[in-house]
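Visitor: Line by line, the protein sequences are chains A and B. Take 1 as the starting number for the first sequence in my numbering and just add one per residue. Take 1001 as the starting number for the second sequence in my numbering and just add one per residue.
Bear in mind the hints are in silico, worked out from the structure with no lab data behind them. Some clues are possibly wrong.
[To be verified] Just the calculated beta-carbon pair ranges, DEER-fashion:
1. A:D332 <-> B:F1291: 36 to 44 Å
2. A:A175 <-> B:A1218: 35 to 43 Å
3. A:S261 <-> B:F1291: 44 to 52 Å
4. A:P152 <-> B:S1246: 50 to 58 Å
5. B:S1246 <-> A:P270: 57 to 65 Å
6. B:G1099 <-> A:I274: 49 to 57 Å
7. B:N1070 <-> A:I274: 33 to 41 Å
8. A:L271 <-> B:K1179: 24 to 32 Å
9. A:R352 <-> B:M1273: 36 to 44 Å
10. A:L448 <-> B:E1160: 34 to 42 Å
11. B:R1157 <-> A:V450: 53 to 61 Å
12. B:G1099 <-> A:V450: 50 to 58 Å
13. B:A1218 <-> A:V281: 36 to 44 Å
[What the hints assert, rightly or not] In the DSS-like style, the derived pairs of lysine-lysine whose C-alpha atoms are separated by at most 30 Å in a straight line are:
14. A:K425 <-> B:K1117
15. B:K1179 <-> A:K262
16. A:K269 <-> B:K1179
17. B:K1150 <-> A:K425
18. B:K1117 <-> A:K358
19. B:K1184 <-> A:K262
20. B:K1117 <-> A:K452
21. A:K425 <-> B:K1179
[What the hints assert, rightly or not] Over 10 Å on every C-beta distance to chain A, these chain B residues come out as not near it, computed from the model:
22. A1043
23. E1098
24. P1122
25. K1133
26. P1138
27. L1161
28. A1225
29. D1270
30. F1275
Glycine included, every Cβ here is placed at the ideal spot set by N, Cα and C.
As a plain string of letters, each chain reads:
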Amino acid sequence: MQTPTLFALLLLLVLVAYGTGFSRALAAARSRGGVRNLASLPSYYGLHTALWCGLPALLLLGAWLAFDNAIIRAMVMNSIPDRPETAAGRNLLYVQIQNLAAGNLFGETTPELQAAADRLNSLRSGASLLQAALTLILALGLGAFALLRFSPELRAREKVEKVLRAVLLACACAAILTTVGILLSVLFESLRFFQTVPVTEFLFGLHWSPQMALRADQVGSSGAFGAVPLFTGTLMVSAIAMFVAVPVGLMSAIYLAEYASKRVRALAKPLLEILAGVPTVVYGFFAALTVAPFIRDLATSVGVQASSESALAAGLVMGIMIIPFVSSLSDDVINAVPQSLRDGALGLGSTRSETVRKVVIPAALPGIVGGVLLAVSRAIGETMIVVMAAGLAANLTANPLESVTTVTVQIVTLLVGDQEFDSPKTLAAFALGLMLFLSTLVLNFIALHVVKKYREQYD
Amino acid sequence: MTTMTLDAAGQTGAAQPKTVERETVDTQRKVTETVGRPLCDNAKLRMRNVNVFYGEAQAIHNVSLDIGRNEVVAMIGPSGCGKSTFLRCLNRMNDTIEGCRVEGELTLDGEPIYGPKVDVVPLRARVGMVFQKPNPFPKSIYDNVAYGPKIHGIASRRAELDEIVENSLRRAGLWNEVKDRLDKPGTGLSGGQQQRLCIARAIAVSPEVILMDEPCSALDPIATARIEELIDELRENYTIAIVTHSMQQAARVSQRTAYFHLGHLVEVNDTEMVFTNPQHELTEAYITGRFG
């Protein structure tokens, strides 16, 4: 039986189990004179039965789907008398068998292979039958078990809530485990990279040119992996972005929260937030086609040399992109400062700006710092704008009018196109990713520390 | 005559106080004139024909009242009667409320409080305010008290500032409790201490008038007693207007008591008079606990 059909059947069973449990509880309630004489509400009895029926069967099905292929493969491979020594050889052989089993013939086959393919097919059909039978029997059996155990004294709600708590915990764990998984995969790939390129060269090398020579006589393929130009490029673009976004965002937040009338606020806030909804690729070509040439022309007119793809253009546009982040978060935080603090300050004869500067902002500071650091990690991780406007040349420069490149841009260029995944060139992307991850981690750590230290609590 | 109706009401009132009260005292009745002694010769704050509107709704109707020098005037009345609104007119805190409009003649030492030429900042420095809920700034105890002197440039040197802080805390009766932890956050104090800190903060800018909006409503009886003592001491140097829901408090701390009702000033008189021999039947009904 196909797995989707099995799922549908299982769902049907679960629904039937719910209905049966529910009506059983209702019937019991009638004979006892009302639902309030049951230990739980009827719907909980329904859920209780449904969970007994569905959950173990689903778990079984999940486990089956996870291990099914590996077990069948082991069984097939064990039946072959002379197996290749290497893992790659065994993989190749198994792929051949699979193809044969699916009826795709490539080249000649041996009787052994044909036998293995037949065995694979029979195992597969047997397994799918067994899987369906076991799942359904489990569902039916446990559903019936739950119904048999039904009694009006059964505390169905407590049991259901226990299961729900476990489900919630599992969901929370899924998010954490995914993060750990991503981190580990990046880490291991990076370690492979660092086997070919020393960590010190990667971290402190001043030259970035990740082209690996395919032939010995190839030109311009030095394969230098010094990431410092990328780090400085990222830092410069992010710094320019924050230089734009923090003052503008914070001040617009202060205006919106403290000075604007209700009508202006109702109009301006959503308009500002539209800015956050613009896709970054649109910002990217705005930066590349409008801002960068404008900066170049401006620089030329005052007699300064400027590249047509510059850190300044990318940073400025990125800053504009981040403004709504800073302003929206800060605005919320400033609004959360209790009115009583403002009244207190005004009642002492503070002007409005003194109130804002000396009472409201200090009280809101932890939240503002949090918002700004979120914006920083967004700036560091932002890709599209820099890809389009900052350029690809890994220049080690402090001049914002020159073109620079960033960590994210390099990750993109390293992994775009057909690549072999065991050359240092592609593995370098993982090392860069690890650096990004670590830097945001450190950033968050610092942020938490700052927030804790300067926290000024209010009720 | 008044006594008669009230007595009759008292008898039936035991069974159904709510309905009877309506029959005896028409609490919705228009009050046209303030009875008692709203004006005084030695007025610090002088209010004449004050009307306050929130948008279309009128919150204060034609109130005239004087608050004398070194006098404590208590304002009592049922919830929503406009006493806080009236108090907040006196240092223009109502300016912060959108749609609030104040009409009438209000003066502090003969100088207008409202008007295009009046700067609200020095006004609020002269007329300090203590709020219902203690609202210390999220700063250290020292900085809370030093905040006002700093923004008004009252103290130029650190030593002067230290002295002002210590004096204010002493006068607020808080010094002995906090002198060893001036650098700790003011929000870490207990409710009563926080309120005394707010009073210290208010007197640190040496105001002439202190407005108190139910300063003890969030405090326990012991903290309340301390603040009441404090009000009595402060009277030597300041003019105080206090809004309170506790009639005992009004009786204990004030020289004159003003009774507000639905935005009207019903009666103002010497506190003793108000509580022993009220002139207006609404006042009498309120202080004997028949509504409110």
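Visitor: Which of the listed hints are not met by the structure?
Guide: 3, 5, 6, 7, 8, 11, 12, 13, 14, 15, 16, 17, 19, 20, 21, 23, 24, 25, 26
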